[in-house]
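Just need the whole structure built from these sequences, with the hints factored in.
Single-letter residue listing:
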Amino acid sequence: MSLIFPARRRTPPPSHRPSTTLFDTGGLLTLAVDAGLWNLAVSRFGGTARTVVAVVKELEHLRKDANVGGLATTALADLVWLGDPIVLDEDAGRKQAERLRNIIAAGRPLTHDLQHYAEAALIVVGRPIGAQAIIEDYDARVAAQGNGVRPMSVHKLLHLWIRQGVLTSAQAFEYSEAIRSAKRGMDYTEEELIEGGFKLGRVGQP
Amino acid sequence: MTGDAEFDEVGRRIADARRRARMTQEQLGAALGGLDKTKVSKIESGRRRLDISEVALAAAALGLSTRALLGMPERTKLAFAGRLATDAHDDALRGAYRRARQLVEIDDTLTEVAGLASGVPTAAAEALLAEGRATGARAITSKATAKRQGRELAEAARAGLDLGSDALGNLPDLIEAQFGVDVALSPLGTEADGLCVHGGGVNLILASSDFPAGHVRFTLAHELAHHLLGDTREVIGEDEAAMFADNVVEWRANAFAAHFLMPERGIQALLRFRQETTPVSPSGVIALMIHFQVSLAALVYQLNEVRLLGFDEGQALRAQGVNNLVRAYAEADAARVVLNSPERVRPPTRLHRVALNAFGERRVGLAPIAGLLERSDDDELYSELAMLINETDASADQDFIV
Numbered sequence: 005m006s007l008i009f010p011a012r013r014r015t016p017p018p019s020h021r022p023s024t025t026l027f028d029t030g031g032l033l034t035l036a037v038d039a040g041l042w043n044l045a046v047s048r049f050g051g052t053a054r055t056v057v058a059v060v061k062e063l064e065h066l067r068k069d070a071n072v073g074g075l076a077t078t079a080l081a082d083l084v085w086l087g088d089p090i091v092l093d094e095d096a097g098r099k100q101a102e103r104l105r106n107i108i109a110a111g112r113p114l115t116h117d118l119q120h121y122a123e124a125a126l127i128v129v130g131r132p133i134g135a136q137a138i139i140e141d142y143d144a145r146v147a148a149q150g151n152g153v154r155p156m157s158v159h160k161l162l163h164l165w166i167r168q169g170v171l172t173s174a175q176a177f178e179y180s181e182a183i184r185s186a187k188r189g190m191d192y193t194e195e196e197l198i199e200g201g202f203k204l205g206r207v208g209q210p
Numbered sequence: 035m036t037g038d039a040e041f042d043e044v045g046r047r048i049a050d051a052r053r054r055a056r057m058t059q060e061q062l063g064a065a066l067g068g069l070d071k072t073k074v075s076k077i078e079s080g081r082r083r084l085d086i087s088e089v090a091l092a093a094a095a096l097g098l099s100t101r102a103l104l105g106m107p108e109r110t111k112l113a114f115a116g117r118l119a120t121d122a123h124d125d126a127l128r129g130a131y132r133r134a135r136q137l138v139e140i141d142d143t144l145t146e147v148a149g150l151a152s153g154v155p156t157a158a159a160e161a162l163l164a165e166g167r168a169t170g171a172r173a174i175t176s177k178a179t180a181k182r183q184g185r186e187l188a189e190a191a192r193a194g195l196d197l198g199s200d201a202l203g204n205l206p207d208l209i210e211a212q213f214g215v216d217v218a219l220s221p222l223g224t225e226a227d228g229l230c231v232h233g234g235g236v237n238l239i240l241a242s243s244d245f246p247a248g249h250v251r252f253t254l255a256h257e258l259a260h261h262l263l264g265d266t267r268e269v270i271g272e273d274e275a276a277m278f279a280d281n282v283v284e285w286r287a288n289a290f291a292a293h294f295l296m297p298e299r300g301i302q303a304l305l306r307f308r309q310e311t312t313p314v315s316p317s318g319v320i321a322l323m324i325h326f327q328v329s330l331a332a333l334v335y336q337l338n339e340v341r342l343l344g345f346d347e348g349q350a351l352r353a354q355g356v357n358n359l360v361r362a363y364a365e366a367d368a369a370r371v372v373l374n375s376p377e378r379v380r381p382p383t384r385l386h387r388v389a390l391n392a393f394g395e396r397r398v399g400l401a402p403i404a405g406l407l408e409r410s411d412d413d414e415l416y417s418e419l420a421m422l423i424n425e426t427d428a429s430a431d432q433d434f435i436v
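As you go down the protein sequences, you meet chains A and B in turn. Position one of the first sequence corresponds to residue 5 (this note's numbering), numbered consecutively onward. Position one of the second sequence corresponds to residue 35 (this note's numbering), numbered consecutively onward.
No lab work stands behind these hints, which were simulated from the structure alone. Keep in mind that this is a model prediction, so the values were computed, not measured. For every residue, glycine included, the Cβ atom is placed at its ideal position computed from N, Cα and C. The reader is advised that the hints may include incorrect statements.
Said to hold, decoys possible - Computed, partial: chain A to chain B, Cβ under 8 Å:
hint	residue
1	ARG48
2	ILE108
3	ALA109
4	GLY111
5	GLY150
6	LEU161
7	LYS187
Unchecked claim - Cβ-Cβ distance ranges computed for the label pairs, FRET-style:
hint	chain 1	residue 1	chain 2	residue 2	range
8	B	MET421	A	GLY152	44 to 50 Å
9	A	HIS116	B	GLU274	20 to 26 Å
10	B	ASN391	A	GLY50	36 to 42 Å
11	A	VAL84	B	ASP124	50 to 56 Å
12	B	GLU408	A	VAL84	39 to 45 Å
13	B	GLY233	A	GLY152	32 to 38 Å
14	B	ILE174	A	LYS68	56 to 62 Å
15	A	HIS116	B	LEU422	27 to 33 Å
16	A	GLY152	B	SER417	57 to 63 Å
17	B	GLU377	A	GLY87	49 to 55 Å
18	A	GLU195	B	GLU268	22 to 28 Å
19	A	ASP191	B	ARG387	29 to 35 Å
20	B	ARG81	A	GLY152	34 to 40 Å
Here you go:
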């Protein structure tokens with residue numbers, strides 16, 4: 005495993021694990037805002053974490069993006085923990101992903117050719133295995149939930165990590181602030197992260 | 035990589051579409067991000083698979099939807115939306131086409147995910163549609179006949195829908211409820227008046243809300259006429275030149291709009307109440323304009339048609355300027371309903387209602403609602419709508435294993 009960040013803290017992985025946690029482009033970009041946050045995700049999900057080829061392609065595409073290019077580069081440098089990216093079944097899978105992409109976009113103009121395709125591909129891959137997924141785009145999370153994939157934003161992950169004692173609320177707040185500084189999240193208070201209420205409902209940048 | 039049968043089919047579709055588009059393999063290769071002719075040839079013969087990122091590029095270059103390119107059954111509305119995207123050649127109307135396309139795509143999503151049902155005309159409106167289509171199919175060349183037909187259809191609509199002869203209330207609501215046609219208002223600028231779309235399973239009237247409300251009502255009624263009369267064009271783009279073009283189709287549509295909004299009996303009744311004589315006085319004209327919620331231009335046109343005002347008198351009134359006339363003869367508040375812009379964005383009610391329900395049930399995200407309302411402030415919009423979310427669905431996060 006190549007770790008580009010110095011390990012800040014290591015928490016023992018939970019005793020029982022889901023079969024697979026899938027990571028979306030937006031989720032990886034958000035985790036990449038802070039080395040400690042990234043490493044925490046690696047330690048909690050490493051071994052069961054996967055992604056799809058479309059996510060890697062989108063990250064490569066975003067490397068040139070003025071806003072998230074640096075985060076994409078950071079994420080791309082450490083994808084080994086996600087195993088070999090899953091290749092979507094060429095025909096049937098791609099058709100399903102296109103259908104889901106139309107649903108997620110719902111008439112919104114796409115900012116680039118691959119937008120929402122990776123999330124759609126993730127859902128197509130995750131559906132038959134009942135996977136859970138870290139997805140930052142709210143509309144994609146709704147589509148995932150409707151298709152049998154349990155979705156979660158990084159902020160909700162921070163909330164659950166507080167509840168399970170993986171992080172203190174102060175540590176979670178620190179990560180939340182790092183995400184905000186990187187313009188990938190709003191201004192949340194420590195209390196909101198503890199409570200995990202509706203303000204965290206839509207959180208997340210695609 | 036040798037292609038399987040399904041991938042051979044994708045290649046064949048690309049080759050066929052490329053030939054239809056009169057493109058060379060080099061040109062298609064350039065559109066695919068700089069592939070050489072050999073690679074394009076391999077794609078077309080199924081020996082090289084299209085990369086994920088190339089599918090959308092190929093579809094766009096060849097004027098196909100990605101579904102068509104991949105051999106998926108075309109969803110009629112989505113295919114229609116694709117046509118709207120490629121048909122917008124007129125600069126003035128490009129924004130209107132774009133908005134119509136977006137609404138059709140949202141319609142498709144809501145149909146797929148939330149079971150959105152098509153708009154259905156009432157029985158009375160169905161009868162009017164049959165009558166209008168029969169009228170529209172008759173070949174005529176005379177302006178007088180076109181105007182008479184438009185008037186007769188408007189009178190039939192007033193009678194059939196039991197609307198009497200007074201001013202119509204909320205016209206978009208009326209059109210949607212009676213005719214099963216979606217009505218949208220959108221700030222499209224003042225170059226384009228709007229669009230009537232009736233094809234591909236879509237019935238939509240779209241008007242620019244950058245005009246005063248009275249102007250917008252005439253546009254809506256005019257577009258309704260095109261729909262009722264079964265205009266053979268799937269998409270009728272309207273700017274001022276198109277709406278007032280010198281042909282039977284537009285004469286008929288304008289006559290319908292005028293008599294639907296301002297029936298002669300209704301005008302006469304108001305003038306009797308005001309004890310007006312012919313020609314109508316300037317104060318009477320302004321009173322009629324405010325009562326029927328129409329523009330001065332539309333009212334003068336109609337008063338000329340029903341011979342309550344001479345052409346020169348009408349022109350003289352228009353030359354004074356509507357604001358000057360209102361200042362002289364009406365309360366500013368009363369005139370506001372005609373002179374101000376209507377609501378800036380009005381999404382079709384059928385789509386809006388289902389989108390909100392589906393959002394609450396977490397069957398769709400924010401995108402359809404943001405699109406319908408033309409909003410990009412997702413965080414604020416979410417805060418406004420969060421109360422709709424079913425708590426049981428929202429608690430699904432708890433199943434997540436971290």
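Q) Can you name, in rising order, the numbers of the hints this structure does not satisfy? A) Per hint list: 7, 8, 9, 16, 18 violated.
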